[in-house]
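Enquirer: Sequence:
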Amino acid sequence: MRKVIMGNHSLSYGAMLSRAQVIAAYPITPQTQVVELLSEMCADGTLDAKFIKVESEHSAMAACLGASMAGARTFTATSAQGLALMHEMLHWAAGGRMPVVMGDINRSMAPGWSIWTDQNDSLSQRDTGWIQFYCSSNQEVVDTVIQAYKVSEKLMIPSMVILDAFALSHTYEVVDIPEQAKVDAYLPPFNPPYRLTPDDPHAFGGLTSSDHYMELRYRLQKDMEKVPALIEETGREYEQMFGRYLGQVENYLCDGAELVLVTSGTAGYTARVAVDELRARGIKAGNLRIKLFRPFPFEPVRSILSKVPKVAVLDRNISYGHHGIFYQEVKSAMYGQPSQPAIFGFIAGLGGRDITRESFKEIADYTLKHDRPEEEIVWIGVKK
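Note that the sequence shown covers residues 46 to 429 in my numbering.
The hints are simulated quantities; they were obtained by calculation from the structure and are not laboratory data.
Predicted model, so just to flag it, every value in this text is computed and none were measured.
Where hints are given, some of them may not hold.
Stated by the list, open to error - Label pairs and their in silico Cβ distance ranges: (1) Ser159 x Glu85: 23 to 33 Å; (2) Asp221 x Glu278: 14 to 24 Å; (3) Ser377 x Glu420: 16 to 26 Å; (4) Ala387 x Gly327: 55 to 65 Å; (5) Glu278 x Asn236: 14 to 24 Å; (6) Ser159 x Ala387: 50 to 60 Å.
Ideal placement from N, C-alpha and C gives every residue a C-beta, glycine not left out.
The whole structure should be built from the sequences, with the hints applied where relevant.
Expert: If you want it as structure tokens, here you go:
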């Protein structure tokens, strides 16, 4: 069934089709429509789930964790300050091996107070042990939520499905809503290896001595390392059933390119248009869009970028005192490789400032004219 829906509602439909059983949430702009629609679905019987209204985002995640411990498939959504308030509970979810799926609408962190998009809210949580997916279209949002449940529940690791505020969250696009029966065939009911039940008591997150703690973290890391291969496996299965492939990255004309733009989120689709226009000018450009950020997709990134002379990484975020975060990750991935391109880092679009085709042309022109960056951070579109 094809429908014209907003990005936020794409998250809602993804959770509904996945048959989430417990939804706990607190409203925050620009996320609110996600849980509003889910509350309506619960009220009218479209979704057989318990909707829990809580007083804060911290409590929303805590409620999801309790439900997950009891064996329920859980969902929540948030943005910016709400995600920051959840920080403690994010560690509990990953460390406790509870496969919660959460939608995060990328919103700039305050102050100054902003409701517009950049990636600092989600990227500041990159070390909490959550899988992170960055989406570029409403269709990708629906599909990724479903895949996220399959991956998370297989490995017992929580997932964030992330999309840009307003540029995607409030933008309407045509979306192919998968048939419920086919989703049920792809995503079986959640059946955790352990759960809270009086018949078989367990403790979750209890005091752990130094004799055991390190092994728990080792197991979490080793299971995280299984995520990329599982995404490829579940992505191919999804493609066979629904005709759409969900992988770790998207390669757009990178083969044989002299310059590759590295992007994420909605900027990745803008970059594709810019690549077409650059090629019309005779510049062999390509775009590598990173869909899976954590765990980082080392193999496809290295495979693609090792074959090109120059790489320009666009970040809609900044790690203050260092650089853009995708730039750091790409440089780290390519360090020590037999063939290393010159890697340039650019920051643009903070606080929702537009990233346009002209932005990418400026990035391409700078990268092609220099052997290496003249400054550690190259800012695009900043008022100086």
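Enquirer: Identify every previously stated hint that the structure contradicts and give their numbers, smallest first.
Expert: Checked against the structure, the hints that fail are numbers 4, 6, while the rest are satisfied.
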